[in-house]
Amino acid sequence: MIKGFRGTSLIDYPGKISSVIYTYLCNYRCPYCYNVDLVLPERANRLPDIPEEYILQEIMRRRGFIKGVVITGGEPTLWGRRLVNFIEKIYYEVGLPVKLDTNGSNPELIKVLFDMEILDFLALDFKTSPQKYEKIGGDFKKIEKTLEIASLKPERVEVRITFYPPLVSQRDLEEMLPYLKKFKFIAFQKYIPGKTLKEDNISPYSPDFYNWAKDLFKKHLPEAEIVERI
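Number 416 in this note's numbering belongs to position 177 of the sequence shown; there are no gaps in the numbering.
Calculated directly from the structure, the hints in this document are not laboratory data. One should not assume that every hint holds.
[Claimed, not checked] Result set (DSSO-like, lysine-lysine): computed pairs, CA atoms no more than 30 Å apart in a straight line:
#1 Lys380 with Lys457
#2 Lys420 with Lys434
#3 Lys328 with Lys350
#4 Lys384 with Lys374
#5 Lys429 with Lys328
#6 Lys306 with Lys371
[Unchecked claim] Each pair of labels, with its calculated beta carbon distance range:
#7 Asp276 with Gly246: 25 to 31 Å
#8 Ser442 with Asp288: 35 to 41 Å
#9 Val351 with Lys420: 21 to 27 Å
For glycine and all other residues, C-beta sits at the position ideal for the given N, C-alpha and C.
The whole structure should be built from the sequences, with the hints applied where relevant.
Below, the structure is given as C-alpha coordinates:
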(Lines of atoms letter the chains of each structure in order from A and count residues from 1; the text may use other names and numbers.)
(Lines give C-alpha, C1' and ligand atoms only; values in the text may rest on other atoms or scores of the structure.)
Protein backbone atom coordinates (compact mmCIF):
# COMPACT_ATOMS: atom_id res chain seq x y z
CA MET A 1 0.00 0.00 0.00
CA ILE A 2 2.82 2.44 0.86
CA LYS A 3 5.62 3.44 -1.50
CA GLY A 4 6.86 6.68 0.01
CA PHE A 5 7.32 8.52 3.30
CA ARG A 6 8.40 12.04 4.24
CA GLY A 7 9.17 12.49 7.90
CA THR A 8 8.50 16.22 8.13
CA SER A 9 6.37 18.61 6.09
CA LEU A 10 5.37 22.20 6.82
CA ILE A 11 2.90 22.57 3.95
CA ASP A 12 0.79 19.42 3.53
CA TYR A 13 -1.47 19.74 6.59
CA PRO A 14 -3.01 23.18 7.14
CA GLY A 15 -1.77 24.58 10.43
CA LYS A 16 0.21 21.48 11.41
CA ILE A 17 3.72 20.08 11.05
CA SER A 18 3.16 16.62 9.67
CA SER A 19 4.59 13.41 8.29
CA VAL A 20 3.41 12.40 4.82
CA ILE A 21 2.63 8.86 3.68
CA TYR A 22 2.39 8.07 -0.04
CA THR A 23 0.19 5.24 -1.24
CA TYR A 24 0.33 4.02 -4.83
CA LEU A 25 -2.08 3.34 -7.72
CA CYS A 26 -4.80 5.65 -8.96
CA ASN A 27 -8.03 5.15 -10.87
CA TYR A 28 -7.76 8.53 -12.62
CA ARG A 29 -5.44 9.71 -15.35
CA CYS A 30 -5.13 13.46 -14.89
CA PRO A 31 -2.77 14.86 -17.55
CA TYR A 32 -1.15 17.29 -15.11
CA CYS A 33 -0.38 14.69 -12.41
CA TYR A 34 3.25 14.82 -11.30
CA ASN A 35 3.15 11.69 -9.10
CA VAL A 36 3.62 9.48 -12.14
CA ASP A 37 5.70 6.88 -10.30
CA LEU A 38 2.83 6.30 -7.88
CA VAL A 39 0.03 6.33 -10.45
CA LEU A 40 1.27 4.01 -13.18
CA PRO A 41 1.42 0.37 -12.02
CA GLU A 42 4.42 -0.48 -14.18
CA ARG A 43 6.42 2.29 -12.50
CA ALA A 44 5.04 1.88 -8.99
CA ASN A 45 5.96 -1.80 -9.01
CA ARG A 46 9.62 -0.82 -9.33
CA LEU A 47 9.47 1.00 -6.00
CA PRO A 48 9.99 -0.98 -2.79
CA ASP A 49 7.00 -1.54 -0.53
CA ILE A 50 7.32 0.16 2.84
CA PRO A 51 5.84 -1.92 5.70
CA GLU A 52 3.03 -0.27 7.63
CA GLU A 53 4.67 -1.19 10.94
CA TYR A 54 7.81 0.69 9.93
CA ILE A 55 5.74 3.78 9.16
CA LEU A 56 3.93 3.55 12.48
CA GLN A 57 7.26 3.32 14.28
CA GLU A 58 8.60 6.34 12.41
CA ILE A 59 5.65 8.58 13.16
CA MET A 60 5.62 7.39 16.76
CA ARG A 61 9.27 8.41 16.98
CA ARG A 62 8.41 11.86 15.65
CA ARG A 63 5.29 12.33 17.76
CA GLY A 64 6.86 14.99 19.96
CA PHE A 65 7.55 17.14 16.90
CA ILE A 66 4.88 16.44 14.30
CA LYS A 67 1.25 17.26 15.02
CA GLY A 68 -0.47 15.25 12.32
CA VAL A 69 -0.16 12.67 9.54
CA VAL A 70 -1.08 13.13 5.88
CA ILE A 71 -2.02 10.18 3.67
CA THR A 72 -1.83 10.97 -0.02
CA GLY A 73 -1.14 9.16 -3.27
CA GLY A 74 -1.87 7.95 -5.81
CA GLU A 75 -5.41 7.49 -4.61
CA PRO A 76 -5.43 6.15 -1.03
CA THR A 77 -9.10 5.11 -1.00
CA LEU A 78 -8.37 2.35 -3.51
CA TRP A 79 -6.99 0.41 -0.56
CA GLY A 80 -10.40 0.19 1.09
CA ARG A 81 -10.57 -1.49 4.49
CA ARG A 82 -6.80 -1.73 4.70
CA LEU A 83 -6.63 2.07 4.63
CA VAL A 84 -9.34 2.33 7.30
CA ASN A 85 -7.45 -0.07 9.57
CA PHE A 86 -4.22 1.86 9.07
CA ILE A 87 -5.85 5.19 9.91
CA GLU A 88 -7.33 3.60 13.02
CA LYS A 89 -3.84 2.63 14.17
CA ILE A 90 -2.50 6.14 13.63
CA TYR A 91 -5.44 7.68 15.42
CA TYR A 92 -5.68 5.32 18.39
CA GLU A 93 -2.22 3.78 18.80
CA VAL A 94 -0.05 6.73 17.83
CA GLY A 95 -2.53 9.37 18.92
CA LEU A 96 -2.20 11.76 15.98
CA PRO A 97 -4.87 13.31 13.74
CA VAL A 98 -5.00 12.27 10.09
CA LYS A 99 -5.54 14.28 6.92
CA LEU A 100 -6.53 12.33 3.81
CA ASP A 101 -6.01 13.53 0.22
CA THR A 102 -8.50 12.01 -2.22
CA ASN A 103 -9.97 12.42 -5.70
CA GLY A 104 -13.41 11.73 -4.25
CA SER A 105 -14.11 8.56 -6.20
CA ASN A 106 -14.97 6.43 -3.14
CA PRO A 107 -17.80 8.17 -1.26
CA GLU A 108 -18.65 5.06 0.76
CA LEU A 109 -15.20 4.92 2.31
CA ILE A 110 -15.18 8.65 3.07
CA LYS A 111 -18.49 8.23 4.87
CA VAL A 112 -17.07 5.34 6.92
CA LEU A 113 -14.08 7.42 8.00
CA PHE A 114 -16.25 10.36 9.02
CA ASP A 115 -18.76 8.13 10.80
CA MET A 116 -15.94 6.46 12.75
CA GLU A 117 -14.64 9.92 13.74
CA ILE A 118 -11.05 8.98 12.88
CA LEU A 119 -10.53 11.50 10.06
CA ASP A 120 -9.52 14.98 11.16
CA PHE A 121 -9.26 16.66 7.76
CA LEU A 122 -10.12 15.84 4.13
CA ALA A 123 -8.52 17.41 1.07
CA LEU A 124 -10.84 16.74 -1.85
CA ASP A 125 -9.72 17.35 -5.42
CA PHE A 126 -12.54 18.71 -7.56
CA LYS A 127 -11.06 18.06 -10.99
CA THR A 128 -13.40 19.64 -13.50
CA SER A 129 -17.02 20.24 -14.47
CA PRO A 130 -19.38 17.23 -14.38
CA GLN A 131 -19.41 16.52 -18.11
CA LYS A 132 -15.61 16.41 -18.36
CA TYR A 133 -14.98 13.82 -15.65
CA GLU A 134 -15.00 11.02 -18.19
CA LYS A 135 -11.92 12.61 -19.80
CA ILE A 136 -9.84 11.52 -16.79
CA GLY A 137 -11.62 8.21 -16.26
CA GLY A 138 -13.97 9.44 -13.55
CA ASP A 139 -17.65 9.02 -12.73
CA PHE A 140 -19.13 12.33 -11.59
CA LYS A 141 -22.00 10.65 -9.76
CA LYS A 142 -19.48 9.35 -7.24
CA ILE A 143 -17.85 12.78 -6.93
CA GLU A 144 -21.24 14.38 -6.35
CA LYS A 145 -21.95 11.90 -3.57
CA THR A 146 -18.57 12.55 -1.96
CA LEU A 147 -19.20 16.30 -2.12
CA GLU A 148 -22.55 15.76 -0.39
CA ILE A 149 -20.93 13.72 2.39
CA ALA A 150 -18.04 16.15 2.80
CA SER A 151 -20.36 19.16 2.92
CA LEU A 152 -21.76 17.85 6.22
CA LYS A 153 -18.30 18.47 7.78
CA PRO A 154 -17.37 21.78 6.11
CA GLU A 155 -14.97 22.81 8.87
CA ARG A 156 -12.91 19.67 8.19
CA VAL A 157 -12.73 19.78 4.40
CA GLU A 158 -10.73 21.68 1.83
CA VAL A 159 -11.80 21.47 -1.81
CA ARG A 160 -8.87 21.81 -4.19
CA ILE A 161 -9.07 22.87 -7.84
CA THR A 162 -6.04 22.57 -10.12
CA PHE A 163 -6.18 25.16 -12.88
CA TYR A 164 -5.23 22.98 -15.83
CA PRO A 165 -6.71 24.91 -18.79
CA PRO A 166 -8.23 22.00 -20.77
CA LEU A 167 -10.13 20.84 -17.66
CA VAL A 168 -10.77 24.13 -15.86
CA SER A 169 -12.04 26.86 -18.16
CA GLN A 170 -14.25 29.79 -17.22
CA ARG A 171 -17.31 27.75 -18.12
CA ASP A 172 -16.07 24.75 -16.11
CA LEU A 173 -15.61 26.88 -13.00
CA GLU A 174 -19.08 28.33 -13.38
CA GLU A 175 -20.53 24.82 -13.62
CA MET A 176 -18.56 23.65 -10.56
CA LEU A 177 -19.78 26.50 -8.33
CA PRO A 178 -23.22 25.05 -7.41
CA TYR A 179 -21.51 22.04 -5.78
CA LEU A 180 -19.36 24.25 -3.54
CA LYS A 181 -21.94 26.35 -1.72
CA LYS A 182 -21.54 24.64 1.66
CA PHE A 183 -17.74 24.55 1.82
CA LYS A 184 -15.58 26.90 3.86
CA PHE A 185 -12.13 26.22 2.44
CA ILE A 186 -11.26 26.24 -1.26
CA ALA A 187 -7.74 26.08 -2.68
CA PHE A 188 -6.77 27.22 -6.18
CA GLN A 189 -3.77 25.15 -7.23
CA LYS A 190 -1.63 26.41 -10.09
CA TYR A 191 -0.88 24.13 -13.00
CA ILE A 192 2.85 24.08 -13.68
CA PRO A 193 4.09 22.32 -16.84
CA GLY A 194 6.79 19.75 -16.31
CA LYS A 195 7.31 16.04 -15.92
CA THR A 196 3.66 15.13 -15.65
CA LEU A 197 1.55 12.18 -16.77
CA LYS A 198 1.01 13.86 -20.12
CA GLU A 199 3.96 16.05 -20.97
CA ASP A 200 2.27 18.55 -23.26
CA ASN A 201 2.79 22.17 -24.22
CA ILE A 202 -0.22 23.57 -22.43
CA SER A 203 0.48 27.08 -21.17
CA PRO A 204 -0.62 27.87 -17.62
CA TYR A 205 -3.09 30.63 -16.88
CA SER A 206 -1.97 34.19 -16.33
CA PRO A 207 -2.46 35.95 -12.96
CA ASP A 208 -5.43 37.76 -14.52
CA PHE A 209 -7.34 34.50 -14.84
CA TYR A 210 -6.79 33.69 -11.17
CA ASN A 211 -7.98 37.15 -10.22
CA TRP A 212 -11.11 36.68 -12.33
CA ALA A 213 -11.72 33.27 -10.76
CA LYS A 214 -11.25 34.59 -7.24
CA ASP A 215 -13.71 37.40 -7.89
CA LEU A 216 -16.21 34.89 -9.30
CA PHE A 217 -15.92 32.64 -6.25
CA LYS A 218 -16.11 35.51 -3.78
CA LYS A 219 -19.28 36.69 -5.47
CA HIS A 220 -21.01 33.29 -5.34
CA LEU A 221 -19.34 31.86 -2.22
CA PRO A 222 -18.97 34.88 0.08
CA GLU A 223 -18.43 32.73 3.19
CA ALA A 224 -15.60 30.65 1.70
CA GLU A 225 -11.92 31.23 2.37
CA ILE A 226 -10.05 31.00 -0.92
CA VAL A 227 -6.29 30.47 -1.07
CA GLU A 228 -3.90 30.17 -4.00
CA ARG A 229 -1.16 27.56 -4.02
CA ILE A 230 1.69 26.80 -6.37
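Could you say whether the range 35 to 41 Å given as a hint is met by the Cβ separation of Ser442 and Asp288? 38 Å, holds
Proposed proximity, Lys457 with Lys380 (alpha carbon, max 30 Å): 26 Å, holds
Cβ distance range 21 to 27 Å for Val351 and Lys420, holds or violated: The hinted range 21 to 27 Å holds for Val351 and Lys420, with Cβ atoms some 25 Å apart.
Next pair to validate is Lys384 with Lys374; report whether the Cα-Cα distance is within 30 Å. Holds. Lys384 to Lys374 sits at ~19 Å (cutoff 30 Å).
Run the distance test for Lys429 versus Lys328: straight-line Cα separation, threshold 30 Å. Not OK: Lys429 and Lys328 at ~34 Å, beyond 30 Å, violated.
Looking only at beta-carbon atoms, does the pair Asp276, Gly246 fall within the given range of 25 to 31 Å? 19 Å, violated
Restraint status (C-alpha distance of Lys420 to Lys434 at most 30 Å): 34 Å, violated
With a cut-off of 30 Å on the C-alpha distance, tell me whether Lys328 and Lys350 pass. 18 Å, holds
Pair hint outcome, Lys306 versus Lys371 [Cα-Cα no greater than 30 Å]: 37 Å, violated
Consistency note: the structure conflicts with the earlier hints numbered 2, 5, 6, 7.
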